[in-house]
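Here the structure of chain A is known, so what remains is to put chain B in place on it, guided by the hints.
2 protein chains.
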Amino acid sequence: MTDNKFRIIHEDNQTQARVGKLRTAHGIVNTPIFMPVGTRGTVKTCTPRDLVELGAEIILGNAYHLYLRPGPQIVQQAGGLHKFMAWKKPILTDSGGFQVFSLGPLRKITEEGVEFRSEIDGSKHFISPERSIEIQNTLGADIIMTFDECPPQPSDYEYIQKSMEMTLRWASRCKKAHRNRNQQLFGIVQGGMEKALRKASAEGTVEIGFPGYAIGGMSVGEAKDRMYETLAYVAPSLPKDKPRYLMGVGTPEDLVYGVSCGVDMFDCVMPTRNARNGSLFTTVGGIKIRNAKYKTDFTPLDPNCVCYTCENFTRAYLRHLYVENEILAHRLHTLHNLHFYLSLMRGVQRSIQAGTFSSLKADIGALMQLGQKRDTD
Amino acid sequence: MTDNKFRIIHEDNQTQARVGKLRTAHGIVNTPIFMPVGTRGTVKTCTPRDLVELGAEIILGNAYHLYLRPGPQIVQQAGGLHKFMAWKKPILTDSGGFQVFSLGPLRKITEEGVEFRSEIDGSKHFISPERSIEIQNTLGADIIMTFDECPPQPSDYEYIQKSMEMTLRWASRCKKAHRNRNQQLFGIVQGGMEKALRKASAEGTVEIGFPGYAIGGMSVGEAKDRMYETLAYVAPSLPKDKPRYLMGVGTPEDLVYGVSCGVDMFDCVMPTRNARNGSLFTTVGGIKIRNAKYKTDFTPLDPNCVCYTCENFTRAYLRHLYVENEILAHRLHTLHNLHFYLSLMRGVQRSIQAGTFSSLKADIGALMQLGQKRDTD
Numbered sequence: 001m002t003d004n005k006f007r008i009i010h011e012d013n014q015t016q017a018r019v020g021k022l023r024t025a026h027g028i029v030n031t032p033i034f035m036p037v038g039t040r041g042t043v044k045t046c047t048p049r050d051l052v053e054l055g056a057e058i059i060l061g062n063a064y065h066l067y068l069r070p071g072p073q074i075v076q077q078a079g080g081l082h083k084f085m086a087w088k089k090p091i092l093t094d095s096g097g098f099q100v101f102s103l104g105p106l107r108k109i110t111e112e113g114v115e116f117r118s119e120i121d122g123s124k125h126f127i128s129p130e131r132s133i134e135i136q137n138t139l140g141a142d143i144i145m146t147f148d149e150c151p152p153q154p155s156d157y158e159y160i161q162k163s164m165e166m167t168l169r170w171a172s173r174c175k176k177a178h179r180n181r182n183q184q185l186f187g188i189v190q191g192g193m194e195k196a197l198r199k200a201s202a203e204g205t206v207e208i209g210f211p212g213y214a215i216g217g218m219s220v221g222e223a224k225d226r227m228y229e230t231l232a233y234v235a236p237s238l239p240k241d242k243p244r245y246l247m248g249v250g251t252p253e254d255l256v257y258g259v260s261c262g263v264d265m266f267d268c269v270m271p272t273r274n275a276r277n278g279s280l281f282t283t284v285g286g287i288k289i290r291n292a293k294y295k296t297d298f299t300p301l302d303p304n305c306v307c308y309t310c311e312n313f314t315r316a317y318l319r320h321l322y323v324e325n326e327i328l329a330h331r332l333h334t335l336h337n338l339h340f341y342l343s344l345m346r347g348v349q350r351s352i353q354a355g356t357f358s359s360l361k362a363d364i365g366a367l368m369q370l371g372q373k374r375d376t377d
Numbered sequence: 001m002t003d004n005k006f007r008i009i010h011e012d013n014q015t016q017a018r019v020g021k022l023r024t025a026h027g028i029v030n031t032p033i034f035m036p037v038g039t040r041g042t043v044k045t046c047t048p049r050d051l052v053e054l055g056a057e058i059i060l061g062n063a064y065h066l067y068l069r070p071g072p073q074i075v076q077q078a079g080g081l082h083k084f085m086a087w088k089k090p091i092l093t094d095s096g097g098f099q100v101f102s103l104g105p106l107r108k109i110t111e112e113g114v115e116f117r118s119e120i121d122g123s124k125h126f127i128s129p130e131r132s133i134e135i136q137n138t139l140g141a142d143i144i145m146t147f148d149e150c151p152p153q154p155s156d157y158e159y160i161q162k163s164m165e166m167t168l169r170w171a172s173r174c175k176k177a178h179r180n181r182n183q184q185l186f187g188i189v190q191g192g193m194e195k196a197l198r199k200a201s202a203e204g205t206v207e208i209g210f211p212g213y214a215i216g217g218m219s220v221g222e223a224k225d226r227m228y229e230t231l232a233y234v235a236p237s238l239p240k241d242k243p244r245y246l247m248g249v250g251t252p253e254d255l256v257y258g259v260s261c262g263v264d265m266f267d268c269v270m271p272t273r274n275a276r277n278g279s280l281f282t283t284v285g286g287i288k289i290r291n292a293k294y295k296t297d298f299t300p301l302d303p304n305c306v307c308y309t310c311e312n313f314t315r316a317y318l319r320h321l322y323v324e325n326e327i328l329a330h331r332l333h334t335l336h337n338l339h340f341y342l343s344l345m346r347g348v349q350r351s352i353q354a355g356t357f358s359s360l361k362a363d364i365g366a367l368m369q370l371g372q373k374r375d376t377d
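Line order of the protein sequences matches chains A and B.
Residues in the first sequence are numbered consecutively from 1, following our numbering.
Residues in the second sequence are numbered consecutively from 1, following our numbering.
Mixed in with the good hints, there may be bad ones.
Note that identical chains are pooled: a pair holds if it fits in a single copy or bridges any two copies.
[As the list claims (entries may be wrong)] Pairs of lysine-lysine, BS3-like flavour, derived with a Cα cap of 30 Å:
hint: 1; residue 1: Lys224; residue 2: Lys195
hint: 2; residue 1: Lys88; residue 2: Lys175
hint: 3; residue 1: Lys83; residue 2: Lys21
hint: 4; residue 1: Lys88; residue 2: Lys295
hint: 5; residue 1: Lys5; residue 2: Lys175
hint: 6; residue 1: Lys83; residue 2: Lys295
hint: 7; residue 1: Lys83; residue 2: Lys293
hint: 8; residue 1: Lys224; residue 2: Lys124
hint: 9; residue 1: Lys288; residue 2: Lys88
hint: 10; residue 1: Lys175; residue 2: Lys295
hint: 11; residue 1: Lys199; residue 2: Lys21
hint: 12; residue 1: Lys124; residue 2: Lys293
hint: 13; residue 1: Lys176; residue 2: Lys293
hint: 14; residue 1: Lys199; residue 2: Lys295
hint: 15; residue 1: Lys83; residue 2: Lys288
hint: 16; residue 1: Lys108; residue 2: Lys21
For the record, the hints were derived by calculation from the structure and aren't laboratory data.
So that you can see chain A by itself, here it is in the shape it has in the complex (with noise of 0.2 Å):
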């Protein structure tokens, strides 16, 4: 196909792991890769400036907030989501579905859409696949996403299977109404952790046909195990020649899993928000900042690390300015999450083509070594 905008590039021959490149109107994105996530146009405490120096090549945005606040208006008058945030690499927008559906008793699902109020000031609202489309259209990211519903977990089987084949009339919907050709539209594979519900929902969504195809409903707290099994089902059954996106997961070990399911994009708030919370990610182990123990450590965050924090401040300085409710603290420490999410990822994609990526992926650190390399070659 002529118009495919993905293109592998190195596959593995041990497991689905592969290496690709996708092309948006803002420019190529290489994958696997790990997507910062910035809901309210602002990855938290980060500059673009900061996030291009981490090695960043695109970013998320959410449409229910940004519908919510500023509004699509604001964004569309300040030239787009691109030009409002100053950011000129790609942007993803989540549809809102997720979020609209964490609203819990603030909202109504019906076969049109949702009807919710506002979490800030009590207005309502309604939301139609239709709606979410025209919202993304407006932000102007470059991929957009279908408006789907995410069940919560637990629900029971005939709920799910509902869910999941409303959300595929949802799909239809959200393709009919995109009206904007320079914005990729992701088809989104629901079906809880039922294997032929995940079938049926993988199977209609790619007979309705998208440039690109995201799990969803992975990242709502279902047993470790259980996701890991329904994503090795589900994710090679999506096209090999379109990019995967598995939403909202998860720790380091979680993106490894899934790249060596065939999964090319994540993104996920942990990096995010555990940085701000004084929960550190380093090759030597989990790091909680606040603990008494670093107090008097002036040895770096992470030996291995290359980052901005980690090449000029010590854990003990750290320490300080987290027990000091400094900004400073949540921003070092949002840089070097990030770094090593991002870093992660680029160690990930040079294992694929060093033919070493089932032999690295017991080994975070290993992986990590590989992945600083860019900052020093």
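Quick look at chain B alone, frame taken from chain A:
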């Protein structure tokens, strides 16, 4: 005097303003200078890299806050305050006098020193002039301050006199206790808004002899005209060949006025604190970013500014971040406000050298335009 670390390189011939160079253990400081406040070992939201890029040449730390947390021993083990916070340029630490006296009922003053309870955990502490110097010697800033009493306003004449006289005795004790010859110990002139007491304080402090002189007690909520009058009286009475430092003051207009009285150094929390409250300094007037009219204002914060914030973002975006309580708002606002103050002082330096200071004095906008040049030269 061969030992003089301060060199005047240009004097205004209409006012007391002068341009100078102050030599410190961590490099030269060009005066008149504004010193960003980094109370707890960080200029809030800023990395050292940000500060260097803004053109900051010296920053403040506070002995009182750093004594309570993380404690001088930890800073010492880190290799001193510069290493602890990864700032390679000069630092000035305030002695903590002002902060201790602000504790009100939590402290008890005697000739020996001040006993107080920590705001953090209620623990008991005692700081004498000797202990303050010991703490500051340990922290290792380039310029340190005598331990003074800063009487509240209003206080009666007798109280101010007694306090000022004790501050003189404390200044002698500080000088005697000072051990680190890499650090310059500055004396502090007190005396409230009473000319006679200010005169006695200045004479007494100069008699003890310091490489620089500060004017304290001017940021205690006194009416501006009395403050200006006192400043115009005190500043020129201090030795011309030594740097003069006006503590904790003030607005951009206050700084320009201070320079005209012969002041060389300033610090104030205003640019950084106001930034976090969404109150911005611009060449087109003050801006409260929360104001609804900025919702659709797609112009830069300050049309004449070349800071990172103004070069990349609109008022509408900054307002959005601020309303969402995003950390990035605080950071971008801080960058801008500090840039405003630092550019202003660069403009002041240039105008003194160009002989246009007194004509530009009333026109902050023109001074700012001079100051912006640094970034585009």
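Hints, verified against the model:
1. Lys224 <-> Lys195: within (15 Å within a copy, 75 Å between copies)
2. Lys88 <-> Lys175: The answer is within: 26 Å in one copy meets 30 Å, while 56 Å across copies does not.
3. Lys83 <-> Lys21: within (24 Å within a copy, 42 Å between copies)
4. Lys88 <-> Lys295: between (40 Å within a copy, 22 Å between copies)
5. Lys5 <-> Lys175: Within. Shortest intra-copy distance 17 Å satisfies the 30 Å Cα cut-off; inter-copy 72 Å does not.
6. Lys83 <-> Lys295: Close across copies (15 Å), not inside one copy (42 Å); limit 30 Å.
7. Lys83 <-> Lys293: Classified as between: cross-chain Cα gap 20 Å, same-chain 44 Å, threshold 30 Å.
8. Lys224 <-> Lys124: This pair counts as neither: shortest intra-copy Cα distance 37 Å, inter-copy 50 Å.
9. Lys288 <-> Lys88: between (34 Å within a copy, 28 Å between copies)
10. Lys175 <-> Lys295: neither (55 Å within a copy, 32 Å between copies)
11. Lys199 <-> Lys21: within (27 Å within a copy, 74 Å between copies)
12. Lys124 <-> Lys293: between (50 Å within a copy, 24 Å between copies)
13. Lys176 <-> Lys293: neither (58 Å within a copy, 37 Å between copies)
14. Lys199 <-> Lys295: neither (52 Å within a copy, 46 Å between copies)
15. Lys83 <-> Lys288: Between. Shortest inter-copy distance 23 Å satisfies the 30 Å Cα cut-off; intra-copy 36 Å does not.
16. Lys108 <-> Lys21: Answer is neither: 40 Å inside a copy and 69 Å across each miss the 30 Å cutoff.
The structure fails to meet hints 8, 10, 13, 14 and 16 from the earlier list, while all remaining hints are met.
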